[in-house]
Structures are given as C-alpha cells and as structure tokens.
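Engineer: When you get a sec, could you build the whole thing from the sequences and use the hints?
Now for the letters of each chain:
Number of protein chains: 2
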Amino acid sequence: MTGRTTQEHMEQGKDTRAAAQPGTRQAALIALDWGTTSLRAYLFDAAGEVLDTRVSTAGIMNLPVPAEEGGFDAAFDEACGVWLAQTPALPVLAAGMVGSAQGWLQAPYVETPAGEDALVGGIVKVRAACGVDVAVVPGVLEPGALPNVMRGEETQIFGALSAQPASDAADDSAAGTQAALIGLPGTHAKWAVVEDARIARFYTFMTGEVYAALSAHTILGRTMKRPAAPDTAAFLRGVSVAREHGSAGLLATAFSTRTLGLTEQLAPDEQPDYLSGLVIGHELAGLEAVLARRDVALAACAPQLIGADALCERYKLALAQFGCTGAHLVRHATERGLWRIAVRAGLVSAS
Amino acid sequence: MTGRTTQEHMEQGKDTRAAAQPGTRQAALIALDWGTTSLRAYLFDAAGEVLDTRVSTAGIMNLPVPAEEGGFDAAFDEACGVWLAQTPALPVLAAGMVGSAQGWLQAPYVETPAGEDALVGGIVKVRAACGVDVAVVPGVLEPGALPNVMRGEETQIFGALSAQPASDAADDSAAGTQAALIGLPGTHAKWAVVEDARIARFYTFMTGEVYAALSAHTILGRTMKRPAAPDTAAFLRGVSVAREHGSAGLLATAFSTRTLGLTEQLAPDEQPDYLSGLVIGHELAGLEAVLARRDVALAACAPQLIGADALCERYKLALAQFGCTGAHLVRHATERGLWRIAVRAGLVSAS
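Those protein sequence lines, which keep their order, are chains W and A.
With UniProt numbering as the guide, the letters of the first sequence map in order to residues 1 to 351.
With UniProt numbering as the guide, the letters of the second sequence map in order to residues 1 to 351.
Certain hints may be false.
To be verified - Residues on chain A that point at chain W, a partial pick, calculated with CB under 10 angstroms:
hint : residue
1    : A200
2    : Y203
3    : V241
4    : A252
5    : R258
6    : T259
7    : L260
8    : Q265
9    : V279
Claimed, not checked - Some chain W residues judged to face chain A by a derived CB distance under 8 angstroms, without partners named:
hint : residue
10   : A213
11   : H217
12   : T259
13   : L262
Since the hints were made in silico from the structure, they are not lab data.
A virtual CB, placed ideally from N, CA and C, is assigned to each residue, including glycine.
Structural biologist: This is the structure in structure tokens:
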C-alpha cells in the first residue's frame, strides 16, 4: 500500500516566472511541504524555479506503512526517489508537521518574535534510509497564557513576504521593515503579524475544523442540503449575522442556522454556506478584537491571504464586510518560502 | 422491541412536599415530559403531588417501533398503560418535542411574550389508540433576525416560577410581576427572561452539543484523557480564559486546550474539564453581552437554574466568576410546570 503520488503542472497564475520543463535545467534542491494529510514535493533549479512538483496523500498521519516500520522513508522514496535517482546529491529541505513530535524528527519550536535566521538556526537533520540528509524547518511557538503554535505556516509566511511587489525571492531585504498581516485560512486558520521581518505574534482559529464538526456532528447538519453551486448570498448573510451579533458568540448564532430553517427564512441548501459565513465571520470578529487590543484596526490592514483560491476569495468578501478591502491573495507562498529558507540555510546558493 | 421503562423514586431533595406512596391516594392526572431521547411520565393526585414516575428511553427519535407503525401509541402504552388500567378516565398532558413536526401531533409555536394562558390556548389534542386524549403543550417562538425556539423548557420555566419562595403552585400570582432570569443548561442551553409572568425573550447556546462535537470530532479530543473525578480547578481555569479572552471567541480559545497541552501547562486529564469551562464561559460571556444590550447586568441577576444537579452546580461556580453569586437551583420544575399548566387548562382542578 502506498500513498498516491501524482505529477502536477504548477499553476502559474500571475506569476511572472517562466514555466520550466523538467529535465531542461539542472535540479538544485528538493523541498517538501509535509503536513498531516498530504506531502507536496518540489524540485527546484539553481535559480529557484520550480522544475517539477509531486503531490502525495502520505501526510504524517497517513503514511504508506507505519512510522516505526519505515513509513517516513517509504513516503519520501515514493515522492522523491525518481529525482534523487537522476541527481543523487540534491539537498533536501522539509517544513510542516514532519518536524512535530509525531513527525520524522522533532524540530523544537522557535519562539516569537521569529525571523528567518531563527528558523534556520532551529533546523534539525534526519538521515533517510537512502543516505540523504533531510533538513527539517522548526515550527514557531508564541508563549503566554494562551500559547500558539504553527508548523509549516512560518515557511509560507516568509514566502509571502518574499512575493511582495518590488521584492525578489533572494533579496534579504524583501521581508521589509513594516508590519504586515498575513492570513492562512483553513482547518486551523492562522493570522500572523510580521514586524521587522519577524513573526511577532499570531492567532489560531479552529474555523475549518469547527465548521466540519458542526455540519457533520450536530443537529445543524440534519436539515442541511449541499447546494448545487456555492451560495455567496447565504455566505455573506452568515458573515453579517456574526459581525452584528458577534458578542453573543458562535454558540448562540450557530443555532440560527436551525431556527431560520424552522421558520422558513433559510432554505436547506442555503444552510451550509450560511453556517460557513457564520464561523468565518466569528473568526474575523475575533481577529478584529485581538488586533484592536494593540490599537490596530482590521479595516486599515491590507492582509495577504495564503491558501486555496476559492477559500481566500471568500475571506476577501468577508473581510470587506469588516471594512477591510485591501486583502489580496498570494500564490506560491509555500515554494517561495521553502526556497528562501534553503538559501538562507546554505543548502543552495542564491543565483 | 420496546424502550426501557423503569419506575423510580422521586428525589425529594429539599422539597417540602411529603413523599406519596402509589396507590394510597387517588390518581388525578398523567403528565408527560416527552423529549427527543427520553420520556418521563408522572402520575399526580388531585393535590398535585407526584404519586409515581416512570422513565423510558422512548424519546421521539427513539420510539419502540417507527412512528408510522404506531410508535407513539406503543411508547405511551408502555409508559402509562398500567396507570390507565387502574384509572381509565385520567386526563393526560404532554410537553416537549412530542409537539414538534417530528412528534405525535404538531402543536404550533406560540410567540413571545408568552404567558401560561397563551400556552394553554395553544394546546392541541391527539387521540391515542387506546381512546385517551393527550393534550400537547405548544413550544415558544421568539421571532426576529435570529429567531429562537423552545419545546418543553416553557413548561419547566413556569414550574420554576411556581417554585418561588412564598408562592403556591396553584396560585395565579405566583409568577410574580418582576423580571426573572432562568437558565436551563444542557445540550442546547436556554436562558429566558420572564417579565410580568410571561416569557419575554430567550437565548439558545449550543453549549453541550458543541462541547461534545469538539471533544469527539476535532483534534482537541486526541490528547484528552477522562479524569478519575471532575476537575473543578481545570473547569474554572477554562471559564476564566473564556471570560478574559471572550472577544477573541471560542474558535480561538478552544485551540488553547491543545497548545497548553503541547507546552505541558495542561495535563491530558485536565483537558476535558478545561474545555468544558471554556465553552460554558463563552456561553456566559455571550449571555452577559446580550443582557447588557438591554441594560441588564448579569452580575446583578439571581438566576434560577433548571437541570441536572452536577451541571447546575458547575454553572453556579462559573456564574460566580462573572460576579453573579445569586444563582440557585430549582428542583422538580418539570413536574410543577406540567401540573400548573394542567390546572390552568382545566384538565384538573386545583385543590
């Protein structure tokens, strides 16, 4: 049994870098985004261009064989064996849950404020069965009464910073010196404040996972019907209710999914997107509140969003309801971040 | 296959009414608290004393046979057949989800503000196969942008009001003329404001159900271990975090259950009660906020709590953290409320 691995063409979007064909340039780095449920492997050339990408379902909780039976080696060989066969001496960098206590080798968290040098200083190396050393990027911990942790997002954040207009992926000054707000929607959505090129603080919202649990494992799911197409109006209605009634809390507003249905004000196929709007709206209301404590107005921010396009577009719509109209999507943050850290760590030299 | 039905002795607690022995007094009323997952049947004498109680798992979603095959009749006969065999002409009153669209007969909601007369006016009758008419109490709807509904709790609320000191269950003035706050913790916790003996408005918090979903169906459950005994300190810690960080919202604070564990500040067997404190704390923070909108201070209220003793005691502790020290438990609210409505409906005459 092995995880499914597929080759995929990079979506270039508005990226100005030319699409590279595998084999036409010399490979210089393998970099892995290795999370809980998936493994994405990138092959870079010496200029930081992505030559090839392989995606597998072999996340650390979904290895082809158990970890104690060599599951990490099996997944790594499956994803990267072809590349290493062609270019045996390639350096390898990995970020994400692969560095957690349940990962291949634990890379202890570095604490906020965390810059790229701290991440590089926290890299640990695990030797694969095939003899290759895999450098593992540490996660970031924000200590305190309500600690926060991230693994993988730190790499995407520095990738997003390097994608700023008028910056260059290999330019040390790219992260800039002013504060930036970066959002990473998803199962456990993260919002990070970057100051002076360091992750100063961040917040985690269990938005995606709570939405899934509410939909599948509470009474709310019983009357829901999946719509044929995403229902933006129902989504925005949910955001609006969360924004106006935020202080009542999600425990209270969530029940309106049911009562609006009972009173025939919300059709079954509007309920999934309405609830999605509610939970994302509560996330943004919470974000607005924690930013306000430090005298930062969410409406005045121009957040960079990292994640699946459709989800990020929803966040843009939701943010606009909070008066925050400057949000924009950043693509290829993961690859850019991996490359950037590899350069800083001396695994490759910036061209 | 039938639902399990058991006789049970009433817990008299601090109730000053004498325990009555079945058979020593004349039965005058059967009253049912018929919810989603259970059916509780009470046999009253003409003075409103409970002569006997039978408890069954035959809630409306758990009938002994499907509804369309006579499931309601089967459950009713199983619970009350013995009593009706002894006293065939007994009037029968039922409250709870039995009056919902999925129930025996739908009793359309009455709208807030809802007093006892409105409930009595909304009673519908269904004739059981055995020939007995069952009077079904309607639920209450609060219309609006975020509608709220209850079924069963309205009966408990009037029961609690009748249990006020210096009041009498059959006294029309018992509900008083001043505002009262009544809390009903549970799967879908309700908080009702009663003004001039009418349910003026109420709020629903999905506290119990969200706690269960977070524990069983998110990452938070993975590191939890059930404690040998309830951990009040961990519970109060959770309440405190919710109170201090309420504006960040439950989506944010819930994740601290995991991160405090990762940073060894919260042991696995402290996590369940900590999370319980978090969700109940967010409920109370939300309640405090919605009350404040109408210039009511939660701390100045003396809420009556209806529900399982251990859960109500937890709410008392949590409320005290919000400065609300006047909360007290009300027992036998269900029986009292059923009796009171039966009297008002003329099913029995108050002695």
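Engineer: Of the hints stated earlier, which fail here?
Structural biologist: 1
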